[in-house]
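Protein chains: 2
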Amino acid sequence: MEPCSDLYIRRIAKYYRYLSHLKQRGALRVLSDELAVYMNISPSQVRTDLGKLAVGQSGYGYNVAVLTTEMEKFLGINKINKMVLIGAGKLGQALLCYEGFYHKGFRFGAAFDINPKLQGKTFGFLEEPVRSMRELKPYLAKNQVQLAVLAVIPESVQAVTDILVASKIKGIWNFAPYYPKVPENVVLENVHIQESLLQLAYRLSNSN
Amino acid sequence: MEPCSDLYIRRIAKYYRYLSHLKQRGALRVLSDELAVYMNISPSQVRTDLGKLAVGQSGYGYNVAVLTTEMEKFLGINKINKMVLIGAGKLGQALLCYEGFYHKGFRFGAAFDINPKLQGKTFGFLEEPVRSMRELKPYLAKNQVQLAVLAVIPESVQAVTDILVASKIKGIWNFAPYYPKVPENVVLENVHIQESLLQLAYRLSNSN
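The listed protein sequences derive, respectively, from chains A and B.
The first sequence lines up with residues 61 to 268 when you count with our numbering.
The second sequence lines up with residues 61 to 268 when you count with our numbering.
The following block holds chain A by itself, in its conformation from the complex:
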C-alpha cells in the first residue's frame, strides 16, 4: 500500500473509535451515511476511505466486526504494545488510569519518576510500582519496549528523550509543551494541548 497521509490515518483512527463504540453496543452493521454524519464528511468520502482498506459494503452497510479488525491491522494495534511512562505526576497518573489504552492493547509495563513520594506507588493499569529515574536505563536494556510516554516538565523533555533514544526506543508520545529533537529513525508524536487551547481561543474571539 502507498504511504498514507496523516489526515487519512487520523480519519481511520476516528472511525475506529466510533466503531469500537458501536461494537460495544452490539451493533452488527453500519451504513456509510451514519459514519458520514459522525465524521462530518460526505458518504462518498467514507466509501473511498474504507475502500482503501479493501472492505466493501455487502447487503446492508458495512460489517462492524470486519471493519474493526481491518482497521486494527491497518493501524498496527492488533497486538500488545508495551509502553513505559516517564513522569508519574497528575497527567501521568491520568494516562495510567485510562482504560481505553489498556483495552486496545497498550500496556504500561513500568513508570518512572524523580519524585521519591511517587516511587513505589501503583496507579490504574500500571503493572508494577513506580520506579526511580535511575532505573530507566537498566530497565530499557533488559526489557523490550517500543514506546515511551513523556509526561515530564518541559525542561526535562530533551534530556529524557536523549536517554530513550540511546536506549533504542522506537516511538515517543510526548505530552509536554516542548517538542524534543529525535533522530530520523525514532517516531515522535507530540500531543498539542496548548495549541488546541490557543486555537479554541482564536475561534472564540472570532465567533462573536
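Calculated from the structure, these hints are not laboratory results.
Check the hints yourself; a few may be wrong.
[What the hints assert, rightly or not] Not close to chain B: a few residues of chain A, all C-beta gaps over 12 Å, as computed: (1) K83; (2) G86; (3) A96; (4) S104; (5) D109; (6) Q117; (7) G160; (8) G184; (9) K230; (10) A261; (11) L264.
[Unchecked claim] Short, incomplete list of chain A residues facing chain B, as computed with Cβ under 7 Å: (12) K74; (13) Q84; (14) K150; (15) Q254; (16) S256.
We treat Cβ as the ideally placed atom computed from N, Cα and C, and that holds for glycine.
With chain A fixed as given, assemble chain B onto it according to the hints.
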C-alpha cells in the same frame, strides 16, 4: 483579515509557544531561519506566515516582544479568559495545575465534580474549592464564563454539554474520547488523545 485556516492558526500557536520560551530566556530578536528549523518548514514560509500578522523583519530578524504581542492579539489571548472545569479527576487536576494556562491568562474560576470526595478540595491554580455538579447551572447563571473544559467520562459528555449549551457557554474544550454535538454558535475543540496514540502506533508499525 480573511478567515484563517486551522493549519495556519495551529502554526501561529506553535510559533507563539516557542517565542514565549525565547522571551522567558531574555532573547530580544529571532531569525526566520531559527523559527524555520523549530517549525520544520522553510524560512520563506515563516516570512509568509508572519507577514500576515503585519510584522516585518528589521535589522537582525524579528523583534521577539513585538511578534509575541501581535500573536496574542491574533489568537485573542491578550485578556483574561475565565474558564470552568467539569470533572476534577486526575486529568482535570493535571489541567488545574498546569501553569502554562494560568500565565497565558486562562484562569479556572471554578471546578465541578460528581465525586463528593473531590468536592471542597483545591488543586493548583483553581481559584476556589471544587463544587458539586448541582451547583454548575446556578454558577453559570451568576458568573460570566465563556469557556468550559470537559474532563469527564465519555458517557457523561453529551449530558454535561447540553447543560453548558443551555447556560450559554460559548466555547467547550473537550478532553473526553467522545465528541459531543453542539449548536453552530458554540465553539467545540476536541483534544484527540486516542487518535494521537493510534497515529503513533501506525507510524511505528510502518517504520521498520
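Results of checking the hints against the structure:
| no. | hint | result |
| --- | --- | --- |
| 1 | K83 | holds (15 Å) |
| 2 | G86 | holds (16 Å) |
| 3 | A96 | holds (15 Å) |
| 4 | S104 | holds (22 Å) |
| 5 | D109 | holds (14 Å) |
| 6 | Q117 | holds (23 Å) |
| 7 | G160 | violated (6 Å) |
| 8 | G184 | violated (9 Å) |
| 9 | K230 | violated (6 Å) |
| 10 | A261 | violated (5 Å) |
| 11 | L264 | violated (4 Å) |
| 12 | K74 | holds (6 Å) |
| 13 | Q84 | violated (11 Å) |
| 14 | K150 | holds (4 Å) |
| 15 | Q254 | holds (6 Å) |
| 16 | S256 | holds (5 Å) |
Of the numbered hints listed earlier, those contradicted by the structure are 7, 8, 9, 10, 11 and 13.
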